[in-house]
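Which chain is which? The protein sequence lines are U and A, in order. All residue numbers for the first sequence refer to this note's numbering, where the first residue is 1 and numbers rise by one. All residue numbers for the second sequence refer to this note's numbering, where the first residue is 1 and numbers rise by one.
Please note that a few of the clues may not be correct.
Once the Cα atoms are required to be at most 20 Å apart in a straight line, the calculated SDA-like pairs of lysine to any residue come out as [as the list claims (entries may be wrong)]:
no. : chain 1 : residue 1 : chain 2 : residue 2
1   : U       : LYS37     : A       : ASN59
2   : U       : LYS99     : A       : SER65
3   : U       : LYS37     : A       : PRO39
4   : U       : LYS99     : A       : SER79
5   : U       : LYS99     : A       : TYR10
6   : U       : LYS50     : A       : LEU95
7   : U       : LYS37     : A       : LEU113
8   : U       : LYS55     : A       : ILE26
Hints were generated in silico from the structure; no laboratory data involved. In this text the structure is predicted, and so the values were computed from the model without any measurement.
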Amino acid sequence: QQPVQSPQAVILREGEDAVINCSSSKALYSVHWYRQKHGEAPVFLMILLKGGEQKGHEKISASFNEKKQQSSLYLTASQLSYSGTYFCGTEGGGTSYGKLTFGQGTILTVHP
Amino acid sequence: KAGVTQTPRYLIKTRGQQVTLSCSPISGHRSVSWYQQTPGQGLQFLFEYFSETQRNKGNFPGRFSGRQFSNSRSEMNVSTLELGDSALYLCASSLDRSFLSYNEQFFGPGTRLTVL
Chain U
1 QQPVQSPQAV ILREGEDAVI NCSSSKALYS VHWYRQKHGE APVFLMILLK GGEQKGHEKI
61 SASFNEKKQQ SSLYLTASQL SYSGTYFCGT EGGGTSYGKL TFGQGTILTV HP
Chain A
1 KAGVTQTPRY LIKTRGQQVT LSCSPISGHR SVSWYQQTPG QGLQFLFEYF SETQRNKGNF
61 PGRFSGRQFS NSRSEMNVST LELGDSALYL CASSLDRSFL SYNEQFFGPG TRLTVL
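Let's have the full structure, built from the sequences with the hints guiding it.
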């Protein structure tokens, strides 16, 4: 089942902060975050594992609430380059391991 | 280190034809996943291969198939193309599928398939 992302769109001015949420109805092993610019491939930002480990870009932070099966991506002091569509991909355990189910995306626009 | 490469980048086919797309993963990566991206359905998982074995499959008809070679390169095939198969097909590679390891996937630029 597809995770639900919120909000669907965000408009910021440079320097402002934003939070993008991802919620799943299924138990998760990991959550992956990607950013995709128009006409380009998704770029890996962050992976958060069940158990608290995470790995990703230094300027990006995220959280993973295992009990609620929710993850949030925190974008602070936004830059013009942050504009794009953000996707969360969720990965279950067991036979679902290795299969990412993506949310519908959150469109982030940063203005000067 | 070279990224994931996909060929061809663009493809135009007509209904009923078949198509084969190719993906070369990052050197050392053994897992290759395929996704279909459309404006209406978003990013949808097709299948994943690891060490030449299909480990996971999404909810796509049997017209969509794939394989992986011993050098980890992968191909996907779509037979009897339909208009609705027009999409961006992305492949992604990852280093390892060991449980409890990081399994981040790195995407290639995609193949834009247009079915007329």
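Hints and how they fare:
A hinted pair counts as satisfied when its Cα atoms are at most 20 Å apart, and U:LYS37 with A:ASN59 does not qualify at roughly 26 Å. Proximity of U:LYS99 to A:SER65 is assessed by CA-CA distance (about 16 Å); at most 20 Å being required, the pair is judged to hold. Under the criterion of a C-alpha separation no larger than 20 Å, the hint pairing U:LYS37 with A:PRO39 is consistent with the structure, at around 14 Å. Distance hint between U:LYS99 and A:SER79 is unfulfilled; the C-alpha atoms sit about 23 Å from each other, more than 20 Å.
For the hint pairing U:LYS99 with A:TYR10, the CA-to-CA distance comes to about 26 Å; that exceeds 20 Å, so the pair is violated. Only pairs whose Cα atoms come within 20 Å are accepted, and U:LYS50 paired with A:LEU95 is accepted, the gap being roughly 19 Å. The suggested pairing of U:LYS37 with A:LEU113 holds, with an alpha-carbon distance near 19 Å, which does not exceed 20 Å. Of the pairs offered as hints, the one joining U:LYS55 and A:ILE26 holds, with about 19 Å between alpha carbons and a cut-off of 20 Å not exceeded.
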